[in-house]
Amino acid sequence: MRRVLPAAIVILISVMAVLAIVRVRFSSDVFELLPQDLPEARGLEQINRYFSRDAQLIITLDGQSARSVSEATASLASALSQQKVFIADVFREVDMERIVAEGGPLVAWAWFNGSPERLALLKRRLAHPQSKETLEKSLEEINDAFDTESALVRSYDPLQLSQFGSNPEGEGGPSLDPMRSSSGKFEILYVEGSGVDFSDYREVRGWLDKVQGLVSQWLKEWNGTGAEDMEVEVGYTGTPAFMSEVGAGMERDMTISVLLTLVLISALFFLVHRQVTPLIWLLAAMMGILAITLTIAEMALGELSVISVGFAAILMGLSVDYAIVLYREALGNPGSPRTLRRAVGPGIAWAAVTTAAVFLSLNLSSLPGLAELGNLVALGILVGALVMLFGFAPVAVRFAGKRSRGSARDWVPSSMRKGAAGVVAVLVPLAAIWSALMIEKPVIEAEFHPFRMKESPALIAWNEMREKLHGESQTTPAVITAANFGELHTQLQAFKQRSSRAQEAGLIESVILPDSWVPHPEYQRRNAKLLRALIKEGPRLLSEIDEAGFTKEGMDLTREVINSWTHYLDQHDGKQPVRPSGSLAKWTVDQIVTESEDMVAAVVALTPVNPSEREWVTAICDDHSNVASLPSLGTALNERIGDDLWKIFVPMLVLLTAVLALVYRSWKDLFLTLLALCFGGSVIVILTVWTPLSWNSFNVCGIPLLFGIGLDFSIHMLFALRRSGGDIGAVRKRMGKAVAFCGLSSAVGFGSLATASADGLSSLGVVCAIGILANTFVAVILLPSWYCLAHPVSNSAADSVDQVD
Amino acid sequence: MQRVTFQFLILISLISGVRLMADTKGGGEQVVRRWLSTNAGVDVLKVEFTQIRKLTSLKSVIRQHGVLWMDRRAGARFRWQIGNPPRTIVTRVKDELLVMRPRSLQYEKSPAGESKNSMAILAGGFPRDWEEFQKKYELLGVKSLNGTHRINVQPRGQLAHGVRVLTFVTGSAKGILQSIDLTLRDGSSQQIVFDRVVTGPQLSDNLFEPDLTGYRAANFK
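Protein chains in written order, with the numbering used here: chain G, 1 to 805; chain V, 1 to 221.
Just chain G, with the same shape it has in the complex (with noise of 0.2 Å):
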């Protein structure tokens, strides 16, 4: 009954953690985690919010020839089509077949929503005998026409209605984006979901694996058939497949994260200790933090983004300290759960606070993503604390004295010679020094984007639709918001005069704006009139239509037109403006312009001269206007970021050096401590230098970690050497050890991240893993005999250093 117990209960604080885990749920949106007052992240956020449909995939179909993937793309829309339980629509690129079958609608919405001064030309036009001019000239161009194309479009439109006349200087039509490369050997497919919640990652997985299971039959049929130059390939992009890898990377983020470092902290325990049983209540006491700091944060945060995943990894690394802190006394000081909370408890408590504070201050970052694992961090630490001091102190008491004496292993290694290590003191930071001015001056990474998952099926597939379809001259989408549409064609114009100030000033190349695609209810309104007359006129135009000799299929279009003016004005009640019908008009045009329940926003695409400069975004940007601008977006964020270096660190410097002159009052020491921080500082300089570790937005936000840490570090080994009066021997045993076990274990915590999916998360975790552990080594290895080198007369002692160590 006694092993029993015990044994309950880490199962069931086991089970806990893993039901934690399980039920947490992560949040896709990457967005929200940018700095909200940079117009590039706003009009990052906006383009997700407002025009990336969660239910619309993309498929790409990439092929030999156009006739191979052409022929692919249809039949496996075809396929598709027919899944009317979870797809609610296909669309393709838009052919004469479905301009034809579909077009009216969208051709009748532009001219009722265009100006009236537009459509009093068409009035004009298509009065008698107008019109029959217009017919005759139309024939005349089917006779005349070198191309087919042109001869057959005009068949289908004799009376030209889907020529809207000369388009204003820089307004754009519907199809912003193509969705058929020019060679034609690659072509996209917009698959429109339904049947499960988009907003849940975990339902667009489900539903995602059902349509990659229709498409790879449809594509080991359509590949089976033995005609090679008729092969295919498949890939997929859009909001579900992103939603879907980074829910799934998530998920296995926090478990390889968690696993590995409940694995290499095991194993440093074991090989340090020698002893199973407080290994495993070790373990339960991590496993119940995590599972009290992950329910604590649901309530708090919801969810967890794809950056605060990575706390519990840091966390575990960092709780595990206290632990062995207990443990440690426990072992050298046996007595009662309480005697041993009266003697470390304090320090226990004043390390978590101060350890706390650090990651508290990553809310000073510019990043939200940050800012939010740095309070989760701080969170779990706090419980971390409370958690180990009083459910692992009893444990550390009851089993510190069953351990064997043999069990103790000597494993830290001795500290450096004092001459040696007074050597390496100068040369490693003039080394650094000279690696920085000589080599390479240590820079933030210029093209880096933290949120960016390091593998990506749906981002290569993405890239590639962008390289195929758009080529060398891709567009920057920028997203114009207001409250209702009329505001919405103010701040257009607002925008275009901005944007042409712009191209003047040689910021920007060019220029596409949607306004004839934006609802307009006062044009709507004054050409409500002009079109009851044309609809009365409709027979006498259809009429002249079959006269002419066009058969059914060429006046239907015609039909369709006026038939949906007919709609449109049943719809209109001269308030609120109608918005396009019919499923092709009303896709194309939510493409452009979306509408929510107190904003309305367009689209417009702008190709700027130097994407990666910020001039041109400050140039065009306002409340209302945002650019979803990748380029120039990693460029503020290494300026926020360098910003936020010197406004927070620089005054934290100088703060915590005034008050370790306080605390120490001895310059000495003080100076000790400021050069293993310089020391630490400059390792990581010279392997940013050396080796492929570079600096980037995400990861320089590791500094002020690593500069808490190190401080920390520095103190405990610094006022063990007073005490013992520069006993180095007697150090090394117990607080050297003691050092290096959480330098290790904090190492393992942050190192783990580096298997994470986000690109920013995993660089965090290697710099700040290599940066504790260059800490580790100058606190445990080199601080001693500086310390020796600074104290020379402190103790007989000091100068065993060269024959003991």
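Note that these hints are calculated values from the structure, not bench results. Backbone N, C-alpha and C define an ideal beta-carbon position, used for all residues, glycine too. Hints should not be assumed to be uniformly reliable.
Claimed, not checked - Selected chain G positions facing chain V (in silico; Cβ < 7 Å):
| no. | residue |
| --- | --- |
| 1 | Glu-97 |
| 2 | Thr-148 |
| 3 | Ser-155 |
| 4 | Tyr-156 |
| 5 | Gln-160 |
| 6 | Ala-446 |
| 7 | Trp-587 |
As the list claims (entries may be wrong) - Covered stretches of chain V, going by a simulated chain G footprint (3 or more residues, C-beta under 8 Å):
| no. | region |
| --- | --- |
| 8 | 57 to 71 |
| 9 | 78 to 85 |
| 10 | 90 to 103 |
| 11 | 181 to 187 |
Since chain G is already given, all that's left is putting chain V on it; use the hints.
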């Protein structure tokens, strides 16, 4: 017995029809090479043709006569005109395509390389060897019918836009091109029948670079 005989005759006629229309893709390359060999060495060409357009959206068939000149000596010069007197003139010199409408005195210039127009097949000239043919077209198959070979192809790249199948009809005996048939995706079709072909005629530069005096620029699309 009479009924059986009748059915047998139908069967025989069907089999022969099938044979007549047999897809000879395997031996298609030979037919194509034979046609291409007739183009080899022909640098200058004048073709009088009849263009027949059958559009799904029109009740009647449009029939027009026209002339085509090609000169491959100095780049790919080309002139196509339809009607007599000409109603539309199209020339290609180097990489520029010029479309003229003499009746309305309008013209339009565009880069020839950007044309998605299926008739730009003509403007680029006919292929002269198998490699050039393969570069421009994907061979779908060759069928024999009434003393002709129908070489069915799909243009490669953007010229394939809207085209279901393009057919070069050559004479079985000599392999000379007789007509070009174009079937579009909506079921419409266009046939260009070669009425008279003259090889190596004397051509003046003015033919390919017509005088635009009095014309104004327009957009015909």
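Going through the hints against the structure:
Interface restraint check for Glu-97 of chain G: the shortest CB-CB distance to chain V comes to about 6 Å, inside 7 Å, so the restraint holds. The beta carbon of Thr-148 of chain G comes within 5 Å of a beta carbon in chain V, closer than 7 Å, and the hint placing it at the interface holds. Proximity of Ser-155 of chain G to chain V holds as hinted, the smallest CB-CB distance being about 4 Å (cut-off 7 Å). Interface hint status for Tyr-156 of chain G: upheld, as the beta-carbon distance to the closest one in chain V is roughly 5 Å, under 7 Å.
About 11 Å separates the beta-carbon of Gln-160 of chain G from the nearest beta-carbon of chain V, more than 7 Å, and the hint is not met. For Ala-446 of chain G, the suggested interface contact is broken, since its CB lies about 35 Å from the closest CB of chain V, more than 7 Å. Of the supplied interface hints, the one on Trp-587 of chain G is violated, with its beta-carbon coming no nearer than about 21 Å to a beta-carbon of chain V, more than 7 Å. Counting residues of the region 57 to 71 of chain V whose CB falls under 8 Å from any CB of chain G gives 6; the rule of at least 3 is met.
Coverage of the region 78 to 85 of chain V by chain G holds. Counting CB-CB distances below 8 Å, 3 residues qualify, and the rule asks for three or more. Judged by the Cβ-Cβ criterion of 8 Å, the region 90 to 103 of chain V is covered by chain G as claimed, because 3 of its residues qualify and three suffice. Three residues within the 8 Å Cβ limit are the bar, and the region 181 to 187 of chain V against chain G gives 4, so the coverage statement holds.
The earlier numbered hints that this structure contradicts are 5, 6, 7.
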